[in-house]
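Protein chains: 4
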Amino acid sequence: MTTIARPLPKYLVQRYHGWRATTFTENRAWYHRLAEEGQRPRAMMISCCDSRVHVSGIFGADSGEFFIHRNIANLVPPFQPDGQQHGTSAALEFAVTSLKVAHLIIMGHTKCGGVAGCHAMCAGHAPELDEKTSFVGRWMDILRPGYDRVKDLPEDQQVSALEREAVLVSLENLMTFPFVRAAVESGELSLHGMVHNISDGTLVQVDGAGAFSEV
Amino acid sequence: MTTIARPLPKYLVQRYHGWRATTFTENRAWYHRLAEEGQRPRAMMISCCDSRVHVSGIFGADSGEFFIHRNIANLVPPFQPDGQQHGTSAALEFAVTSLKVAHLIIMGHTKCGGVAGCHAMCAGHAPELDEKTSFVGRWMDILRPGYDRVKDLPEDQQVSALEREAVLVSLENLMTFPFVRAAVESGELSLHGMVHNISDGTLVQVDGAGAFSEV
Amino acid sequence: MTTIARPLPKYLVQRYHGWRATTFTENRAWYHRLAEEGQRPRAMMISCCDSRVHVSGIFGADSGEFFIHRNIANLVPPFQPDGQQHGTSAALEFAVTSLKVAHLIIMGHTKCGGVAGCHAMCAGHAPELDEKTSFVGRWMDILRPGYDRVKDLPEDQQVSALEREAVLVSLENLMTFPFVRAAVESGELSLHGMVHNISDGTLVQVDGAGAFSEV
Amino acid sequence: MTTIARPLPKYLVQRYHGWRATTFTENRAWYHRLAEEGQRPRAMMISCCDSRVHVSGIFGADSGEFFIHRNIANLVPPFQPDGQQHGTSAALEFAVTSLKVAHLIIMGHTKCGGVAGCHAMCAGHAPELDEKTSFVGRWMDILRPGYDRVKDLPEDQQVSALEREAVLVSLENLMTFPFVRAAVESGELSLHGMVHNISDGTLVQVDGAGAFSEV
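Residue numbers (our numbering), protein chains in the order written: chain A, 786 to 1000; chain B, 786 to 1000; chain C, 786 to 1000; chain D, 786 to 1000.
Rather than coming from a laboratory, the hints here were simulated on the basis of the structure.
Incorrect hints may have been included.
Since copy identity is lost for identical chains, a pair holds within one copy or between any two.
Stated by the list, open to error - With a straight-line Cα cutoff of 30 Å, these simulated DSS-like cross-link-like pairs (lysine-lysine) come out:
1. 917 - 795
2. 917 - 936
3. 896 - 936
4. 896 - 885
5. 795 - 885
6. 896 - 917
7. 795 - 936
8. 885 - 917
Could you build the full structure based on these sequences and the hints that come with them?
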């Protein structure tokens, strides 16, 4: 068969060989054991695809620590068992029911392109996202309930409020999954929500009353 | 409003403060500029949620370099503009049409739980994954065409062949997206497919003839 | 000379730098003084090597507070002044006669692999631990007198009873050390025994009648 | 039966209740899972009982990460399968053969009372440690080969050189254990040696040539 695939760019090949000769070699024993015995991550992280957000770095995580799903705007859609393909729900199901992670952390961030697009779309400034054919627009529909809660704030506060809503809405949607709710209620799983400010490096987390404060 | 959210575990709080006092502080200027000017990643990576796979580490990537989507088994579903929520397609659309990444890399890996589950399901050994309500099962349906190509191999070669199929099927599906095909044909985007062996750290990549060889 | 030593894994290097830039820096004065004036811990803790037991965490201990010896199953062997190497006895001697700690706390825990191994060995189910060459088996011999006291209990109560015996036997053995007995009798040292339930976080302590109750 | 045990001091009871209401509660899910599934630490740490040394803090370790043995001066005695009780050898055997840790880290420190005592004893200034009945003296005999390598250095450099020897001698002794040597040679285990300066918080590690440099 033929494929469209091209060789990896040279600078990436070079870095990979460097990684293998250093980091991999130094941790060969641990990587080998992780491969043989299987992963056993303590937490699932749901964060954005954005190239400026790296939860492994922020939390000094070693290989094997976090099961990480990354999508646009770190969103969790509601439970929808319709037999269709739901990548986020599949990742959730695997993490909670098979891996039995103890923590599930929604990691939002400032300056999120997805959230900004959602705001523009909901405010009527981005009709192209409203098209049925816009995958980004349809994905960001998940955050519409959040827009309704921020649209009466002063204009210049709405987008950052919506970034927090991306976390709050996802936390709400998480609890619509029966296996998440059951694990939370039995004490086997705890949920956490936070927003990372990519400009100044700070982290705020949400408490039980829906308020955010610095970690 | 109330939320189900709990405070972040203390060891993560401690590590975050450590990160902020060192890595963040040392790179403050770059992070600040990335935040102000927006991201401009050179590549999109599609890799698995598995806690043992970290493309940033393997490729020594700095903040801002890779736009990373992670889902179960690093799969890309076919183009399906049905107005439903497609997280992977949304990430693709954003990376290719808005960020205009130059490379799109599908990063598979060995010992993939999702691929093993798909194999069991297709071989008839995991009826629970065949249920309409199994999110993992429905997600792994994307890989069924790959199973059909490996099912006549010797039993003990099928799963690792299917791990490679997860990359090949995704490369094929990528080309069903008009915006991907257009960017590839105009030379603005190149596609790459590889499988990372998490036991011995090696990397193989697929060439235009569909064959895999060591990088 | 050559050594077999390898560089520290990178994620630990990163975390160490984070610790030094935060916790260490914030407590620099206290650490400096502790280093210059010497330690003066108020208690010695004897606990298990098990990665799930951390007395510093449970008791909110600051640097300098506890002198901590950790071995398999938190055992104290009997006084045996035979000129051989006794790591636990050396730690005891240093804590009681040089540091003059005021409290000596034996901290047992549930789900102890060492205790389970001892039970299997004494019950005849782990002949490999009975070999002269098994370091774990010989070490767990210290707990044999405890096994004799639990072996007539119902089968399913024996292991957890033996976890408590690991504390009781150690308390008994402590009193065979002349310097411990002297310090206890003069009122300069008090002994304490407890078992930490690592599942539910509770702590039980033994009283003068040998009964355990919640702290 | 009667015991000599006394109730836990009130301030410790109070802190324990605080820990249980906060840290434990917030991590209930993870602690519960660790208890049910068993520990799977990635590294064994051998460090000193000294109250000023806490590897969990320095390395931001979570519960379940490190299997920790602590004895006077972080020493490993040579392999001695004589059927006697060897607490350190038992901990080693359990970590390497049962838990199959990937890293084994000897963590020395400055201002070590045990090392200072060893120096005094070997230099003839502490005859009481030379007594057959001194547990500390007999334990520190393990470090005598190190003293022979530092005794011709200028007087004021000997003790700190001996602190590094405590790490080097232990690394050498580790390799006398057949199960350690086998795991190192098969690539399943890597050894690491370092000395923590408790005054200024720095860490030095030894390389393959026996030289120490800052981490």
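Checked hints:
| no. | hint | verdict |
| --- | --- | --- |
| 1 | 917 - 795 | neither (39 Å within a copy, 44 Å between copies) |
| 2 | 917 - 936 | within (23 Å within a copy, 38 Å between copies) |
| 3 | 896 - 936 | within (18 Å within a copy, 44 Å between copies) |
| 4 | 896 - 885 | between (32 Å within a copy, 18 Å between copies) |
| 5 | 795 - 885 | between (39 Å within a copy, 20 Å between copies) |
| 6 | 896 - 917 | within (25 Å within a copy, 38 Å between copies) |
| 7 | 795 - 936 | neither (48 Å within a copy, 35 Å between copies) |
| 8 | 885 - 917 | between (36 Å within a copy, 22 Å between copies) |
Going through the hint list in order, the structure does not satisfy hints 1, 7.
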